[in-house]
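Residue numbers (the numbering used here), protein chains in the order written: chain A, 1 to 392; chain B, 1 to 392; chain C, 1 to 391; chain D, 1 to 391.
Source of the hints: derived by calculation from the structure; they are not laboratory data. Hints may contain errors.
What the hints assert, rightly or not - Derived lysine-lysine pairs resembling DSS-like cross-links, with alpha carbons at most 27 Å apart:
id, chain 1, residue 1, chain 2, residue 2
1, D, Lys8, A, Lys8
2, B, Lys379, A, Lys372
3, C, Lys17, B, Lys379
4, A, Lys181, A, Lys200
5, C, Lys372, A, Lys269
6, C, Lys379, A, Lys269
7, A, Lys340, D, Lys385
8, B, Lys199, D, Lys379
9, C, Lys8, B, Lys379
10, C, Lys266, A, Lys340
11, D, Lys181, A, Lys267
12, B, Lys340, D, Lys379
13, C, Lys385, C, Lys266
14, B, Lys269, D, Lys385
15, A, Lys200, C, Lys119
16, C, Lys36, B, Lys267
17, C, Lys36, B, Lys271
18, A, Lys269, D, Lys385
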Amino acid sequence: MDLSFNPKNSDLIERAKALAKDALAPRAAGYDREGRFPRESFDDLIREGFTCLTLPEDLGGRDLFADPVSYVMVLHEIAKGCTNTAMLLHMHNAITHFLVTLGTQAQKERLASLVRAGKIIASYGGESGTSSQWNRQLDTRAKRTGEGYLINGEKVFCSMAGEADYYTVWCQLGEDPDVRKSLSLLLAPADDPGFTINKKWNAYAMRGTVSHGILIENVKVPADALFGEGGDPLRPDIIPKFGLGYAAVYLGAGAAALDWAVAYARKRKLKPDNLPIATYQPIQRQLGEMKVALEQALLMIQRAAWTLGTCGPEAAVQPISAAKYTAAEASALITDKAIKVAGGPGMMRDYPLERLHREARAGLVMPPNSEKCLDITAKTIISGDITWAGTS
Amino acid sequence: MDLSFNPKNSDLIERAKALAKDALAPRAAGYDREGRFPRESFDDLIREGFTCLTLPEDLGGRDLFADPVSYVMVLHEIAKGCTNTAMLLHMHNAITHFLVTLGTQAQKERLASLVRAGKIIASYGGESGTSSQWNRQLDTRAKRTGEGYLINGEKVFCSMAGEADYYTVWCQLGEDPDVRKSLSLLLAPADDPGFTINKKWNAYAMRGTVSHGILIENVKVPADALFGEGGDPLRPDIIPKFGLGYAAVYLGAGAAALDWAVAYARKRKLKPDNLPIATYQPIQRQLGEMKVALEQALLMIQRAAWTLGTCGPEAAVQPISAAKYTAAEASALITDKAIKVAGGPGMMRDYPLERLHREARAGLVMPPNSEKCLDITAKTIISGDITWAGTS
Amino acid sequence: MDFGVNPKYGDLIERAKRYAKDMLAPRAQEYDREEKFPRENFADLHREGFTALTLPEHLGGRDLYSDPASYATVLYELSNGCTNTAMLFHMQSSIIHVLSLLGTEEQAVRYARAVHDGKIFASHASENTSSLHGKMVMDTHARRAGDQYIVNGRKYFCSMAGEADYYVLWCQMEDEEDLSKSLYLFVAPADAPGFRIDREWNSFAMQGTASHSMIYEDVEVPENDIVGEGGDPIRPDVLPKFGFGYSAVYLGAGGGAYDWVVDYAKNRRLQPDNVPIATYPPISRAIGEMKIALDGALLMVQRAGWLMGTRGAAAAYGAINEAKYAAAETAAMITEKAIKIAGGPGLMRDFPLQRFHRDARAGLIMPPNTEKCLELAGKTLAEGKAGALMT
Amino acid sequence: MDFGVNPKYGDLIERAKRYAKDMLAPRAQEYDREEKFPRENFADLHREGFTALTLPEHLGGRDLYSDPASYATVLYELSNGCTNTAMLFHMQSSIIHVLSLLGTEEQAVRYARAVHDGKIFASHASENTSSLHGKMVMDTHARRAGDQYIVNGRKYFCSMAGEADYYVLWCQMEDEEDLSKSLYLFVAPADAPGFRIDREWNSFAMQGTASHSMIYEDVEVPENDIVGEGGDPIRPDVLPKFGFGYSAVYLGAGGGAYDWVVDYAKNRRLQPDNVPIATYPPISRAIGEMKIALDGALLMVQRAGWLMGTRGAAAAYGAINEAKYAAAETAAMITEKAIKIAGGPGLMRDFPLQRFHRDARAGLIMPPNTEKCLELAGKTLAEGKAGALMT
């Protein structure tokens, strides 16, 4: 066991921290208030190279998913500045990584050149069906044509709808009803006239992700738009990585709330004592509880990331579920308590706590939600003995 | 809405309170330590008439189940002195009430004369099966003989095994496999040689209830030992009343813990401040949380009791479940926090908190357990609209 | 002991329930989104006679404060539909009750007539005390000038600032520090010169209450709009009534979330199971927990009201404090569980859960905040007092 | 970053796991019920070489304190079988480590030989300070008399009182108030005249630790049994090691309860469903919660150990405190959930859940208690320090 934190890519974590503090944090409230895509912050990320992080090194990237601990800590630092921006960066970086993983050399090179040129890639899997399981039919279907593929369907919760440059469409290709054989990823330029945005994203949190619906009508893509084989998106090295990033992003909201609450408690004085409220034991107790929850969640995330990097994706499925659960619940608890510590300012829009509190609620609900995480963990335990790293 | 607390039988509540404080409380630790039936305390209860409370007035009782609010508050006061004693008093009084409810005039009179003479009646329903539902076959069976009935079977969790004077045996009578038609109550003297006590009650709490197993071999009872018709014990005016009493009994452990913790916090001083710890805000916060939980649970119990008395037993099923849940959880929370307030003395056997804490755990587990209570409540909500008293 | 609805006011509770569903809930989303004062609701509630409920019967009211438990239940039911409206309804109902209680017969008749005419009364009391101990100190002062008074000062969290027709100011006469002698209620029409609104209310919840700050610069109030005796506003039969109602209002946000999510869970089905998600054990268990907590908290609120009505506010003080804690924590817990059950729709502004959740969170913070409530409850115990009476 | 088991000590962790299951668990119920010192366990652990693990390698040990994360994991695993044994093992392992660290070569060799001979060392430090601020004040004093010292005093919570072979006394030299100059460790055989045991340890948990009070009346200790320099026992590389281990020990009670109840739930079936109750969603969800909390808390403990080992105790202080909170609260939560899942058997003395539950409760109270831990963690933050390092 060696918990020293000096990963290969610690330079990126430091840069993420600085960028979050100086550039992203000041804009976070505005994106939330206006419910718009964090364009300026994303431009900063592009300029600083953060949208190329998961490309292979020989294609101009840092291959950051090879070092998952650094990957999650970069996200976590970005999220401390702006949860929305961090979430979208994760979406872009995760799907870029998957496409590169699945693509041919030619596809990889083409994708990398787009990403290096500052193009943003989105990933659309959700449908308005009612199952969280991947064992049902998708409405979105692609069929082979002479030149390539023709896609039709409808997607919901499409982050960066109308803002990304390319949409990665999760769809069933061909006639095989078994999604495990037919689920495919097709990359399409966002300006295809067959995409119509249905502006129904009106959440009370994570508003900057502009996760509208998209109607897909006769979108034509060439043959090299298909990445990997049918069923590849269900590979165990693909989906869990999304969840790992969510954990880091949502914990960022909690970490930012704790920072703010501590700073506030050290400044705020009440009469007649005229002492900072940070000197009161009940306030200290609350701060302590928040701190322990934050540390515990960070360790769970780092452990899951380390497992992913060291023991492979299948071994990491449960640790990732556990990390997502711990992080989302910790962020919910911390933002709750931060508001209690702050009192009135906790509910005022002039201060960040109410926003962070809302964002933490989104963390509880975003798949895999807390119930689902518990379920995955429990099923693993019940079906057999498991030994996770750090539990001897 | 009228929450004034002046029930017809408030004299009994006052007497219960005095008896609990002066006679029962000083002995409670001893019964727990020695794991023995609270004989001396029960003798006090008998002498003071508390074992006759649920008999009809014309048979020398106070018909206390006609005034369920008083009934639960008597139990609650007794329990604040000794949880074990209160539990057994409830067992005796509830079964006496049921037998009187089901019996013929002659049976009532005979039973009443036994009870007035200080005899203790026990009630044995549990079997070592594995279902909490009453839709399965019992192992304990009775069959009609010329003179009466012959009983065979085995019971578990028999409170007052070897201590009560009469055992009320829940059994299936005859051949009908449908328990809703065949479940019957047979009253048998405890000194019948067919009863063999299997001393396996070795709980870490509620040790004074001596709830051993009992083997029943060819116990013969006369014809008038049968109370009511087959299936009567499942009537809605019977079983839920047990649960209502449990709520009051277990909340007593919580109330006693709060009383002790408050008294301790007012006395205990720490250096160098030399102030009672009750003056520290973190301690006050804990005491406050305990107090609110206690009050809330008491109101839920009183509401359930009032519903039972005013709207009848079927309307009271859900409020009783809700009261049992609230009381058991409140008692668990209060005893937890009391130990935290007390620190070291909280875990020492020289003080009552560790005992009350154990007893509260038994409250969580005793049927209907917390999960079951939630289940009953949820099913009622899901199956239709309900309006409970006090919720308009 | 009687947990049943008071027959004298049963009709009001039933009507409140109906209004919440048919009148308040449909508009609540918009008021919240647009951060608008719920004017249409007040007009409708006035038409239905609800804005006059707390006036005495001889002035055309129902004397609803004679049974605070029923009053709280009405508030709770209204709040199930719209927390903002219930809160403002409570402010107006309390202040017109107080004006008729403390005022001369002439004043009581005059203000009651205004209420029947649909005029809205706001009550402004908060100042920038920043005290841990909650001692009230008034910066807002009045001085005599001929047969009228000149008021200067500043108030915070002034519900209905810019929206009410009359502002009732809690104001201290100059040259007398002792509030128990110098504090009076001043009633002034909203269009009186000298009122200025500082629109700094920018909360994530309860935005429809328009609780901005107000500045008074040489506001003139004639002598016959000064109500009661010195110190009356902090009389124990006056002050606690304001705080008491918050419990019912905020618990109502929990009740609204509960109703919505139970309905949702009974209708929502997932493939391939195709049964209502309410039947999944983890969800049914959560519904059970919510319902039991809701009932327990409502009983705490009603008990506090009953104590206040029958034994006076002093005897009810502990119970009011405990009820505030139970109600606010329960409402917050329920809205949180409801969001978890609903998943995506829990976060969407098109659905009411996120609104109830934000409103409930405000209940935790509104003074006395829930931590403070616990400390008060514990302090009472630690001092050897019973706190809330065992009823 | 490496969350894997340290290969140098992987064998010890595996063996600890096996001993817990095969050796400690079968006897744990009896030690608890009979309130007996776990003598057979100590004999077996000695035979297996476990009682010497924290001695340096050149004295026949494994120098296990060189990697406190591994040390904590060994403790945790042992505690899964028997909390009492793990606690006493920790006391002995820590004090013999400290004696070899602070002692002269002659002393280190001599005490190590005793350990290899199966002698048990106890460490007695607690006095009746009753201080909120945890400042240590020693009533136990020594005065010189020729070439030896005479010790008088009284200690509380003396683990293994009457059971160990050597008592190591934390003792102050007379005429010097400053503990950083006057505090020494005195090693005395248990049969030295002047020891008297006041059997007042009567706890509902951890009864096998025999943590009675001890009175010292003119106990004579020769000069060569006084270890280290003045103040050594409170050196930052000594004192925190004792407190650090408590987290692992108490969390072990949670781990034991978790293992038992998962096994139970996988085998227990109810009619008419006839499937393991572990498959019922409310129960599987609870199992998931327990497992995740257990892992998180164990990581907190291991992190604290890793910090202590690599950056020193001062850097680890915040993390040790946070780990104590996380471990104790988690163990208490798990044992409580386990009892609820098991139902009746959860309460029965024939089954271990109630024992784990009582032991875990002791963890909440053992200083620093969990409320204190939170306040310390918050105070550190409030003072602008990071507390536990972000590793």
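Here's how the hints hold up against the structure:
1. D:Lys8 with A:Lys8: Satisfied, since the Cα-Cα distance of roughly 25 Å is no more than 27 Å.
2. B:Lys379 with A:Lys372: At roughly 23 Å apart (the allowed maximum being 27 Å), lysine 372 (chain A) and lysine 379 (chain B) satisfy the hint.
3. C:Lys17 with B:Lys379: The hint holds at about 24 Å.
4. A:Lys181 with A:Lys200: 32 Å, violated
5. C:Lys372 with A:Lys269: Given pair lysine 372 (chain C), lysine 269 (chain A) holds - Cα atoms ~16 Å apart, limit 27 Å.
6. C:Lys379 with A:Lys269: 22 Å, holds
7. A:Lys340 with D:Lys385: 22 Å, holds
8. B:Lys199 with D:Lys379: Violated, because 53 Å separates the two Cα atoms, which is more than 27 Å.
9. C:Lys8 with B:Lys379: The given pair, whose Cα atoms are some 33 Å apart, is violated under the 27 Å limit.
10. C:Lys266 with A:Lys340: 34 Å, violated
11. D:Lys181 with A:Lys267: With Cα atoms ~39 Å apart, lysine 181 (chain D) and lysine 267 (chain A) exceed 27 Å; violated.
12. B:Lys340 with D:Lys379: Between lysine 340 (chain B) and lysine 379 (chain D) the Cα gap is close to 20 Å, so the pair holds against 27 Å.
13. C:Lys385 with C:Lys266: 46 Å, violated
14. B:Lys269 with D:Lys385: Violated: lysine 269 (chain B) and lysine 385 (chain D) sit about 31 Å apart, past 27 Å.
15. A:Lys200 with C:Lys119: Roughly 39 Å separates the two Cα atoms, so the pair is violated.
16. C:Lys36 with B:Lys267: With a Cα-Cα distance of about 54 Å, the restraint between lysine 36 (chain C) and lysine 267 (chain B) is violated, given a limit of 27 Å.
17. C:Lys36 with B:Lys271: 56 Å, violated
18. A:Lys269 with D:Lys385: Holds, because 20 Å separates the two Cα atoms, which is no more than 27 Å.
Checked against the numbered hints above, the structure violates hints 4, 8, 9, 10, 11, 13, 14, 15, 16 and 17; every other hint is satisfied.
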